[in-house]
Structures are given as C-alpha cells and as structure tokens.
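J.: Sequence:
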Amino acid sequence: MLLSKELKSLLNTSVGIIFLLVFILSTGILLWLIPGKYNIPEAGYASLDVFFSLVPVLLVVLIPGLSGRAFADEKNKGNLDVLLTRPVSLWRITGVKFLAIFLVVLLALLLTFVYVISLYWTAMPVGNIDRGAIIGSYLGMIFLSVAFIFVAVFASSLTSGQVTAFILSLVGCVGLYYGFELLSGLFSSGKSQLFIRQWGIYSHVTSMQRGVLDSRDVIALLSIGALFYLLTVYVLSVYKNKRNLIPGITILLFINLIGLFAHFRLDLTTEKRYTISTQSKRILTSLEKPLQVEVYLSGDLNAGFTRLKQATIDMLSEFEQIAPGMIDVHIIDPYEPENKEILAGLNENGMPGIAVNERNKEGKIVQKVVFPWVMIKSDGVEIPTSILVHQKGKSGEENLNASIENLEYQLISGIYASTHPEGRKVAFIEGHGELDENMTGDISDALSVYYQVDRGELTKDFSTLKKYEVIVIAGTQYPFAEWEKFMLDQYLMQGGKILFLINGVRLQLDLLATTGESPSMANEIKLDDLLFTYGVRINPVLIQDAHCLTIPVQTGSDDTNGDFKPLPWYYAPILNPSPDHPVTKDVMYVKSEFVSSLSFVGNQPEITKTPLLASSEYAHIVQVPEMVTLASSEEIPDLSYFNEKDLPVAALLEGRFSSLFYRRPVPEGLQMGEVLTQSIPTKIIVIGSDEIIRNEVVNGQQIPLGYDSYSGIRFGNKDFLVNAINYLTDDANLMSVKNKHLKIRLLDNVKIEQYGKLLAYINILVPVSIALILFILLQFSRKKKYFL
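Sequential numbering from 376 applies to the sequence shown in the working numbering.
Check each hint, because a few of them may be wrong.
Subject to a maximum C-alpha distance of 30 Å in a straight line, what follows is the list of computed DSSO-like cross-link-like pairs (lysine-lysine) [to be verified]:
no., residue 1, residue 2
1, 1020, 984
2, 743, 800
3, 647, 412
4, 984, 800
5, 800, 647
6, 901, 842
7, 842, 860
8, 412, 1126
9, 901, 664
10, 800, 835
11, 664, 800
12, 1132, 412
13, 800, 841
14, 984, 841
15, 901, 1020
16, 940, 984
17, 656, 842
18, 383, 412
19, 800, 860
20, 752, 656
21, 984, 901
Label pairs and their computed distance ranges (CB to CB) [to be verified]:
no., residue 1, residue 2, range
22, 712, 432, 40 to 48 Å
23, 536, 464, 53 to 61 Å
24, 1045, 824, 34 to 42 Å
25, 884, 756, 36 to 44 Å
26, 824, 1133, 24 to 32 Å
Hints were generated in silico from the structure; no laboratory data involved.
Bear in mind the structure is a predicted one, so any value in this text is a computation, not a measurement.
Ideal Cβ positions, reconstructed from N, Cα and C, are used throughout, including at glycine.
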C-alpha cells in the first residue's frame, strides 16, 4: 500500500515524467540522431559502450532531481511527523521511498532496451553483439543507481527545501562518482592513487562495464547504498539512537574486508575474455615443482603502471588458486637499498627499464625508469617475462590495456618455458649461403630463452633432423640438392615444422652499395616445386610500397659535399601484421627490404592458409629482371603507380600436406624406412624475404633486430618471429590464449544507410511513446478514482 502510494506520487507528478522524458530523449537523440562521439551509427560498431559511458553522467544529475522531494517534501508539508506516528517502522518508510524511486529509474533503463534490439538487427551479421557485456553494463547501471538513490534520499532527509536537497544530493553523487578520481590526482604515488580511487564509485562501475561481475565491485556499491540507508534512518530518528548505526557500519566494514580476500568473478563476455583459459589451467594443474615468481614492477609508479602491477598480482593470485602451493610470488622494488644487486642485474638479464615522463606536483616533467618484467624461476631455470605491450602509434593507456589483456599469455608462456627447458630444439640450416650466426644472432638470443638453438648442414642421417621441433631456412642463395629436398619433405611428413625465409629475387647488394644500382633476377634455389606442392609460391618479383622506410640520400654534385636528406626507399616496405591471428596480434609494423609477394596455389582442402604479413594498400609489383637503383628514391611516382594492395608477404599453412615425392623415386644413397606420402597434422610458415630475420652488424656489433638506425624506430620483427616459432612448436596450444580478445563487431552499413533515419525515430519515439502512454493511463486511473 505504501509502495503503491509512493510510486503513484512520483509518476502522477511532473517530476517522474520529466525524469523519464529527459533521460530517454537525451540518450535517444545523442546516440541515434546528433552526429558526434556518442552517435552509434556514425561510429560503425555494434556496441553500446558509448551509451553506458553516457548514462552515469545523466544519472548523476537526474537522480538528485527525482529523489530530492523524498523527505524534503514531507518535512515541508508537515507530513513527516504524521507518517512517523503510524505503526510503520522508519526502516520500512525509508526502504519504500528508495524502492519507489528505484523502480522509476529501472523503468527508464528498461525503456532503452529498444537500443539493444536495434543494435541486434543492424549488426553484421544479424545478432553479432556481445550480449554478456551488455548485461554486465546494465547491471553496473543498476548498482550505480542504487548508490545514487540512497545518497539522494539521505540528502533529502537533511532539509525541508527541495532545491537544497537537490544541491546536496548532486554534490554527494558527483563527489562519490568523480571526486575520488580527481582527489587521487593530488598524489604522486600510484599506490595511493589506486587506494583512493577504490573508495569511489567510478572504478567499480567501469569494471562492470567491461562485462565482468566482480563480487568486490558489487559489495562496494551496495555498501555505499547501505551506509547512506543507515545514515538516513539515523538522521530521521527522533532520539538519534546509535545502537543501529555503529553496529551497522561495523558489519559493512567487516563484509568489505572479507570480500577483499574471498571474492569471485563472473565473466559475462561472449568470448570469455577475462576468464582463465582451459590451456592455462591444464599447465598450472600439471606443475610438479613449486615456482618462484618475482615481480619487478614496483615502487613509485603512476596510476597506469600501478593498475598493470595490480592486474599482474591478481592474475598470479588466480594462478595460485588453480595450483595451490605451487606458485610463490615476491614483489620486489628494484630501488630499495637492499636490492641494489638486483637493479644492476636487470639489464644484464635482458630486462631493461622503460623511461616514463610524468609531471610532479610542481608541474615539472620528471623521468622515471620502471621495470615491467617478471622473472619466473623453476629448479635453476630462469625465464625473464615482459608484461608490457608496446605498439607504436597507440597511446600509453591503449598499450597498458593491451598489456593487461595479454597478461595471461605472457605469464603462462613463461611458466611453461620454465618447466619445459629440455627437449625443445630449433635448428638453423646452413650450407646454401644462408644468413650466418652473426646476422641472425639477435633472434637466436631471443629464442634461446625457450629453446636450444643449433646450426648445421643437412646430412643423410634422418635421425639428426628428427630431434628438432622447428628448422629455419633463412636467406638461401644456392640450390638445394634433390636428396636435401627429400629430407625436408619427410621431416615435414613426420610432423616437423619449417620456417622458410627466402628471397624471391637475388640482387648484388655490394654493387648496390658502391655504385647505387644492381641488376635483379629470380632466385633459383630449387625449392619452388617443394613449396608449390605444399600450396604456396614465392613470386620472383619485388614489392615497392609507399608505406616504406626512408634512407639518407646525398644531394648535390659529386664534386661537392652535398647535404643528406631523407627520401622514401620504396623497396623497403613497412609490413602490416594481421590483427586477428595470435602470431601477429599486438605486434607492431615489421621492417623489411627487397620483399617478394606470395601466392596460394593448388587445391588442398586439408590445408588452412593464413596471411600473416602484407603490404599496405599502396603497393606496386616490379617484375624481374629489372635494374634496382638508389636514384629511384628521388623519383616520386604518382599515387596511381601504387596500384596493388594488401599483397601477402608471409603466410601460415597448417594441416595435412602431400609429399613432393609421391610417386617419385627416393634419391640414391638414402636409407629410409617407410616413405610417407601425406603428413600428420603440422605447420609451415613461408616469408618472401630474409631481411625480416637479419639483424645489421656494424663494426662487429649486432644491431637489435628490427631496429632502423636512421629513424631510431624499433619495429616488431623480433616479436613476430618469436611468436612464429612459438606457434609452430605450440603443442600446449598456448597461442590460443593470446588470441583471446574482444571480437570486432561492425554495423551493417547498407542497413544504416537505408534505415538510419527510421532507426533514429524508432529509438527516440518508441521509449517516449511508452512513457507518455503510461503517464496518461495513470492520470486517467487517478481521475476515474476521484471523480467517478
């Protein structure tokens, strides 16, 4: 009876209908009609993220307006004293006031469900939306509303003026939502910033908006509501009895304390983006010896790195729960006086610091060096593991978000490597003019963390080849003999993996360096038939690309000391990694030079072919023979010259391969058992350039792989190649962990173009019509009751 009265008083007055209309009109117009950052059709993504970022801004203003009259109006009219004399407890009166307001807010949120239906229909394909993330976000808005309503009801209990109540509740809601975020900025310590933020509402709501329902977030938001519920009852109580207030606050603190240690998390996202994968659980549960994990990201960190540190600790904590007693975590601040030796040894152990520029309290730029690394130790084996993703062109916040997304893969791959140090071998094939040990030294050092890296020539003893998980053929210049091709073929048939880095075109680089020009010709190494059988061809062409490296070219005549100016070197394309495959996910652009394109050939239904690296959309194919000259850098071609796009340069082929030697005789002099004509499931990666793996050598010193000395940029060559080898050897299926990311969901542009205006009208007018019909029905019911 009391609830019905309160609910009707809200909806029968202008306050309730104004709240509904302002809320649904604001969201509808901003999301579907007015161009701008909130416009969903304009953004092109089947997501309601912009809606859920807008809702808190509206609720922080509208809920105080809706709730301001809860007790202030009762006090102003003198009804509160009468209400308190009735046989109804103050707890119930306050609860009913809250529930009535909450139902109106819930109605407003339900009216926006038409946005979900519209998004469902306009997604490409239909229904391609993340339902779990949307549900989680709606739950976040509901819990946010609970906290705001209790704050506003409490403010209303303090005064008899509705305007004063509105101002007090507005200040309270804004303070709880934004205040702690702003307050945290006054502290330089990231630990202090994170601690202060957790007392506000913002951090808990944004966590739910990811589609993750964490018990700590739910407890925090409900506790804020419960606290102001207690305070409201205390303020309205005639005797201001503290018997209920102090025990109530104590219980709330106790519940929050327990929640910090005993908590659960529900990942509602469709891809289970924030759930520990089955592969990781299998590795953790199979641990036989305890691990020691040292986290060096500690000390005086900013908020972003503090968040990464906390996410790392949380992830390791979840690992500990899966494998109790097997993971011993130590947080080490390298700058503590007692850790001087550790700080000195970080660079030596391949864990360099990252320079971070920040403003201190005085506004001055201060540079700090942080160490986003973890050392995983197991039975004498030490595996340094980076927990920071760095992609050029992305903001620091985007890189930190990508780092947190990749934490599971980074940590679990380090754990796997530390517990499987033996029996994992990789071999670089020699004997055909391949890149030598010095030219591939940097990638060999990177791979040595995970594998034993050997080098050598092929022999007629097949058992020698079989002990390697992957063989690498990089920069071949001389032809392979028939028996060598047979050894490679049978190695693949028996499940071996091969990484080919072969130039489709041969140049005389010494001649190019001294005279500025070199003839080019097809690189005949007699592997074409082998690769063709497997389903791929390295084309005898060179790719020129407008998206390329620059080189310094001297200007002026030969008799003068001309200046050097940067000019585009079209024969050095900057290659685009595929964003969706685990080998190339979160890998930045790859540096290359004298690259040949690939073509997929044949019809092999049992082989999956996936491009990994490609040219830009402004590429040109140079047929050979052709003279390659440095002078071409000065000739800026018309954009129409670059008439090719997305030419594949590197590709993954996986499945069951047919043998080149099916119905062909075994080469003489080989002692083989059964000759396999079809492989067991296996993989190869083919790359049309050896420059991708070659590191420069200057004065006998190796330059880091992928580093461009002229621009000072370090490209993603090393990350790409390490990922490629790891993917080829990935019996534990670890790379699938890395591929766990939010699927890109797009809108159907054809539907948006055809029905955009209609969608706008539907999403604005349908909720408004429902609200007005409800208001009219209530008014009609009220008149019928009192005038008939």
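J.: State for each hint whether it applies.
T.: For each hint, the structure was consulted:
Proximity of residue 1020 to residue 984 is assessed by CA-CA distance (about 19 Å); at most 30 Å being required, the pair is judged to hold. Using a Cα cut-off of 30 Å, the hinted pair residue 743 and residue 800 is violated, with the two alpha carbons roughly 39 Å apart. The straight-line distance between the Cα atoms of residue 647 and residue 412 is roughly 28 Å, inside the 30 Å bound, and the hint therefore holds. Between residue 984 and residue 800 the alpha-carbon distance is near 25 Å, which keeps this suggested pair within the 30 Å criterion.
As the CA atoms of residue 800 and residue 647 are separated by approximately 34 Å, the hinted pair breaks the 30 Å bound. At most 30 Å may separate the alpha-carbon atoms for a hinted pair to count; residue 901 and residue 842 meet this at roughly 25 Å. A hinted pair counts as satisfied when its Cα atoms are at most 30 Å apart, and residue 842 with residue 860 qualifies at roughly 18 Å. With a C-alpha separation of about 20 Å, the suggested pair residue 412 and residue 1126 falls inside the 30 Å cut-off, and the hint holds.
Straight-line distance between C-alpha atoms of residue 901 and residue 664 comes to about 49 Å, which puts the hinted pair past the 30 Å bound. A hinted pair counts as satisfied when its Cα atoms are at most 30 Å apart, and residue 800 with residue 835 qualifies at roughly 19 Å. A hinted pair counts as satisfied when its Cα atoms are at most 30 Å apart, and residue 664 with residue 800 qualifies at roughly 23 Å. Between residue 1132 and residue 412 the CA atoms are separated by roughly 18 Å; this keeps the pair inside 30 Å, and the hint holds.
For the suggested pair residue 800 and residue 841, the alpha carbons sit about 10 Å apart, so the restraint of at most 30 Å is met. Proximity of residue 984 to residue 841 is assessed by CA-CA distance (about 25 Å); at most 30 Å being required, the pair is judged to hold. With a C-alpha separation of about 29 Å, the suggested pair residue 901 and residue 1020 falls inside the 30 Å cut-off, and the hint holds. Taking the CA atoms of residue 940 and residue 984, the gap is about 42 Å. The hint is violated against a cut of 30 Å.
At most 30 Å may separate the alpha-carbon atoms for a hinted pair to count; residue 656 and residue 842 meet this at roughly 28 Å. A C-alpha spacing of about 37 Å is found between residue 383 and residue 412, which places the hinted pair above 30 Å, so the restraint is violated. In summary, the hint linking residue 800 to residue 860 is supported, as the alpha carbons are separated by about 21 Å, within the 30 Å threshold. Distance check on the hinted pair: residue 752 and residue 656 sit about 19 Å apart at the alpha-carbon level, within 30 Å; holds.
Note on residue 984 and residue 901: the hinted pairing holds, with a Cα-Cα distance of about 22 Å set against a maximum of 30 Å. The beta-carbon spacing between residue 712 and residue 432, approximately 47 Å, falls within the hinted interval of 40 to 48 Å. Checked against the given bound of 53 to 61 Å, the beta carbons of residue 536 and residue 464, roughly 26 Å apart, lie outside it. The hint said 34 to 42 Å for the Cβ distance between residue 1045 and residue 824, and at roughly 35 Å that hint holds.
Evaluation of the 36 to 44 Å hint for residue 884 and residue 756 yields a pass: the beta carbon distance comes to about 40 Å. Taking the beta carbon of each, residue 824 and residue 1133 are about 58 Å apart, not inside 24 to 32 Å as hinted.
In summary, the numbered hints that this structure violates are 2, 5, 9, 16, 18, 23 and 26.
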